[in-house]
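**Student:** Sequence:
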Amino acid sequence: MPDGTPDEELDPDAVRAADPYADFGALLARVARPADYPAVFRLFNDAGAPRPTEDDPVLVDDVGFSVGILLDGIEAYIARKRDPDEGSR
1 MPDGTPDEEL DPDAVRAADP YADFGALLAR VARPADYPAV FRLFNDAGAP RPTEDDPVLV
61 DDVGFSVGIL LDGIEAYIAR KRDPDEGSR
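With the UniProt record's numbering applied, the sequence shown covers 1 to 89.
If you are wondering where the hints come from, they were derived from the structure by calculation, not from laboratory data.
Incorrect hints may appear among the rest.
As the list claims (entries may be wrong) - Just the calculated beta-carbon pair ranges, DEER-fashion:
hint, residue 1, residue 2, range
1, R42, D19, 15 to 21 Å
2, I74, D19, 17 to 23 Å
3, R80, D55, 29 to 35 Å
4, A17, G73, 23 to 29 Å
5, A17, I74, 24 to 30 Å
6, L70, D19, 17 to 23 Å
7, A35, D85, 29 to 35 Å
8, V15, I74, 22 to 28 Å
9, A26, I69, 14 to 20 Å
10, T5, D85, 22 to 28 Å
This one's a predicted model, so the numbers in the text were calculated from it and none came from an experiment.
Each residue gets a CB set at the ideal place from its N, CA and C atoms; glycine is no exception.
Turn these sequences into a full structure, and let the hints guide you.
**Tutor:** Right, dumping it as structure tokens:
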């Protein structure tokens, strides 16, 4: 479809399939626990992502490790935005 196509003419399934973040919530739920990254989980829960529990298994592999590093950075960024002095410690 050309740019500027009205939303009502778009196929909802195609729009969902094209969403680059569609599966990130599911990935997040598989590799991290809400207690470890509360701000990130709040963000994705507000967006309707799956809500894991502390009892759900967490994948520990290269992908889980890599996503953990990314989540550490996001948590640090959120903390700095909330309290600019927090990031300098």
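**Student:** All hints, please: hold or fail.
**Tutor:** Structure-based check of all given hints:
Checking the proposed 15 to 21 Å range against R42 and D19 shows it holds: the Cβ atoms sit about 20 Å from each other. At roughly 19 Å, the beta carbons of I74 and D19 sit within the given window of 17 to 23 Å. The hint said 29 to 35 Å for the Cβ distance between R80 and D55, and at roughly 31 Å that hint holds. Between A17 and G73 the C-beta distance comes to about 28 Å, which sits within the given range of 23 to 29 Å.
Checked against the given bound of 24 to 30 Å, the beta carbons of A17 and I74, roughly 25 Å apart, stay inside it. The supplied range of 17 to 23 Å is met by L70 and D19, whose beta-carbon atoms lie about 18 Å from each other. Taken as a hint, the range 29 to 35 Å is violated for the pair A35 and D85, whose Cβ atoms sit roughly 24 Å apart. Restraint check, V15 to I74: a C-beta distance of roughly 25 Å satisfies the suggested window 22 to 28 Å.
Between A26 and I69, the C-beta spacing of about 19 Å keeps the proposed range 14 to 20 Å intact. Checked against the hint of 22 to 28 Å, the pair T5 and D85 fails, with Cβ atoms roughly 47 Å apart.
Of the numbered hints stated above, those contradicted by the structure are hints 7 and 10, listed in ascending order.
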